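*Asks:* Sequence:
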Amino acid sequence: MSHNTLDVDASPEDVWALFSDGWSYATWVVGAARIRQVDEGWPAPGTLIHHSVGMWPLLINDVTKVLSSDEHRELVLEVNAWPGGRGTVTLRCEPLGPGRTRIVMEEKATHGPASYIPGPVEDAMLHWRNAETLRRLSYLVRSRAGTR
Numbered sequence: 001m002s003h004n005t006l007d008v009d010a011s012p013e014d015v016w017a018l019f020s021d022g023w024s025y026a027t028w029v030v031g032a033a034r035i036r037q038v039d040e041g042w043p044a045p046g047t048l049i050h051h052s053v054g055m056w057p058l059l060i061n062d063v064t065k066v067l068s069s070d071e072h073r074e075l076v077l078e079v080n081a082w083p084g085g086r087g088t089v090t091l092r093c094e095p096l097g098p099g100r101t102r103i104v105m106e107e108k109a110t111h112g113p114a115s116y117i118p119g120p121v122e123d124a125m126l127h128w129r130n131a132e133t134l135r136r137l138s139y140l141v142r143s144r145a146g147t148r
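Oh and the sequence shown: position 143 is 143 in the numbering used here, straight run, nothing missing.
No lab work stands behind these hints: they were computed from the structure. In this text, all values refer to a predicted model and were calculated from it rather than measured experimentally. Yeah, the Cβ is synthetic: ideal placement off N, Cα and C, and Gly gets one too. Hints may contain errors.
[Said to hold, decoys possible] Ranges between beta-carbon positions, derived for each pair:
#	residue 1	residue 2	range
1	His3	Asn61	28 to 34 Å
2	Pro83	Gly146	38 to 44 Å
3	Pro57	Asp9	38 to 44 Å
Sequences and hints are given; from them, build the entire structure.
*Replies:* Right, here's the structure in full:
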């Protein structure tokens, strides 16, 4: 399992506001290229973001599904990692005090060939990408919250 954290100068509500904006997903998730559709009610359990991954002209249409959602606290997503399989990404908001939040991101392959990769190897493969995802998320959250 890959485990990344980043402390950000924004409240859990500010972070959650970005999580709740499904149209922003491709701006902070490394690998997501464009959003095609966001289900009404995102991020309620069972809703989907229809997006594409890759680089033009080699784009693959994909979806990300909400498995569970605890407002301002935790968002659990089912992600596809074609051709490697599927995985679970958990995003948690841990309050650190007024206007500060620790964002925790955990990713684990759950189905397909990637699920057979040993934990330390999986972490090494995902750690940099997920650190960059959190950096992008932090920039956007701080920009929206006015705490650059």
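*Asks:* Which of the listed hints are not met by the structure?
*Replies:* none
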